[in-house]
Amino acid sequence: MSCEPKKHVVVTGVSRGLGLAIVTSLLEAGYRVSGCSRERTEAIAALEANADFCWFACDVGNPDQVQQFIKAACEWAQIPLWGLINNAGIAREGILATFPNVDSDELLQVNLHGALYLAREALRIMLPQNRGGRIINISSIIGSRGYTGLAAYSASKAGLDGLTRALARENGRRGITVNSVAPGYLETEMSSTLSAKQRDQIINRTPLGRLGQAEDVTPLVQFLLSEEAGFITGQTLTVDGGITN
Amino acid sequence: MTTDITALIIQETENLIRAKGTECPPVSADSRFLQDLPMDSLDLATLLVTLELILAKDPFRDGFKTFHSVEELSALYRAMAS
Numbered sequence: 001m002s003c004e005p006k007k008h009v010v011v012t013g014v015s016r017g018l019g020l021a022i023v024t025s026l027l028e029a030g031y032r033v034s035g036c037s038r039e040r041t042e043a044i045a046a047l048e049a050n051a052d053f054c055w056f057a058c059d060v061g062n063p064d065q066v067q068q069f070i071k072a073a074c075e076w077a078q079i080p081l082w083g084l085i086n087n088a089g090i091a092r093e094g095i096l097a098t099f100p101n102v103d104s105d106e107l108l109q110v111n112l113h114g115a116l117y118l119a120r121e122a123l124r125i126m127l128p129q130n131r132g133g134r135i136i137n138i139s140s141i142i143g144s145r146g147y148t149g150l151a152a153y154s155a156s157k158a159g160l161d162g163l164t165r166a167l168a169r170e171n172g173r174r175g176i177t178v179n180s181v182a183p184g185y186l187e188t189e190m191s192s193t194l195s196a197k198q199r200d201q202i203i204n205r206t207p208l209g210r211l212g213q214a215e216d217v218t219p220l221v222q223f224l225l226s227e228e229a230g231f232i233t234g235q236t237l238t239v240d241g242g243i244t245n
Numbered sequence: 001m002t003t004d005i006t007a008l009i010i011q012e013t014e015n016l017i018r019a020k021g022t023e024c025p026p027v028s029a030d031s032r033f034l035q036d037l038p039m040d041s042l043d044l045a046t047l048l049v050t051l052e053l054i055l056a057k058d059p060f061r062d063g064f065k066t067f068h069s070v071e072e073l074s075a076l077y078r079a080m081a082s
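Just so you know, the protein sequences line up as chains D and L, in that order.
UniProt numbering puts the first residue of the first sequence at 1, with every later residue one more than the last.
UniProt numbering puts the first residue of the second sequence at 1, with every later residue one more than the last.
Be a bit skeptical, because a hint or two may be false.
Mimicking DSSO-like on lysine-lysine, the simulated pairs with C-alpha atoms at most 27 Å apart in a straight line are [claimed, not checked]:
1) K71(D) <-> K65(L)
2) K65(L) <-> K6(D)
3) K71(D) <-> K6(D)
Just so you know, these hints were derived from the structure itself, not from any lab.
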């Protein structure tokens, strides 16, 4: 699936894992991509060789930094903003009864408030452009299913799906679609904390018999960004090897 | 200043309505955005973002303030200027 003429897409949380895979696939498809993360990793440095990619330092939980990021990204791209992919997220594990409030606050600030700040700034660009657009929130099956030790994370992802549905209704009249992509358990750094027993349990319960790869998710993100997906909005689309079936 | 901001709001409102391909009725200082003009809440949000870009001012930064007409919106910008 290629992007012609070139379109500008903003992706958050690009330093590793799924965010990095999304950026790589979008650049291959011909998009111009602005990416942000808190840290600049070696993988980002390698991507910067591509003239269609620009990285910005941004803590998405900070609304002022988000505002500056979107402004700088749009000035750099020099073409209208077409898409936003809210991928930035953090995970903290622990039983809620003993989970520090400060950790819950930080997690919700990044995973949920961050997505809201980004969507706000992106819509403030997209609406006056009057060219439609795409917002994709990277959720998780844990948002709808829950998982022991991930209460705050689960709440943040369920909140993200609610944000998706509300924004889809609010902005549909302008041709702006808003969807969530909910991956299952992926082989990323974020899942590396799973014990061997947990991994085996997940694999055994997955009809397709393996953990997912970031590359299992990127084709759906690309499709939702495309013109062909213009009548799909307000949905949470699951990519989990069938585990929630 | 009053005339400038009110005139700007009227002009941008007319631009926005015409950009939708809708016939634009006469817009005056007394026009109420959502009652008298072919505008919806998303149009109004678009107008406010456009005005913020032009004027570099956001009267709603510290919370939403109710307004209905062009003149009432103009007064919010004038209050910031004073």
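| task | With a cut-off of 27 Å on the C-alpha distance, tell me whether K71(D) and K65(L) pass. | result | Answer holds: K71(D) to K65(L) is near 25 Å, not above 27 Å.
| request: Assess, step by step, whether the Cα of K71(D) is no farther than 27 Å from the Cα of K6(D), and give holds or violated. | output: holds, 19 Å
| request: Quickly compare the C-alpha distance for K65(L) and K6(D) to 27 Å and report which way the hint goes. | output: violated, 39 Å
Going down the numbered hints, you'll see the structure goes against just number 2.
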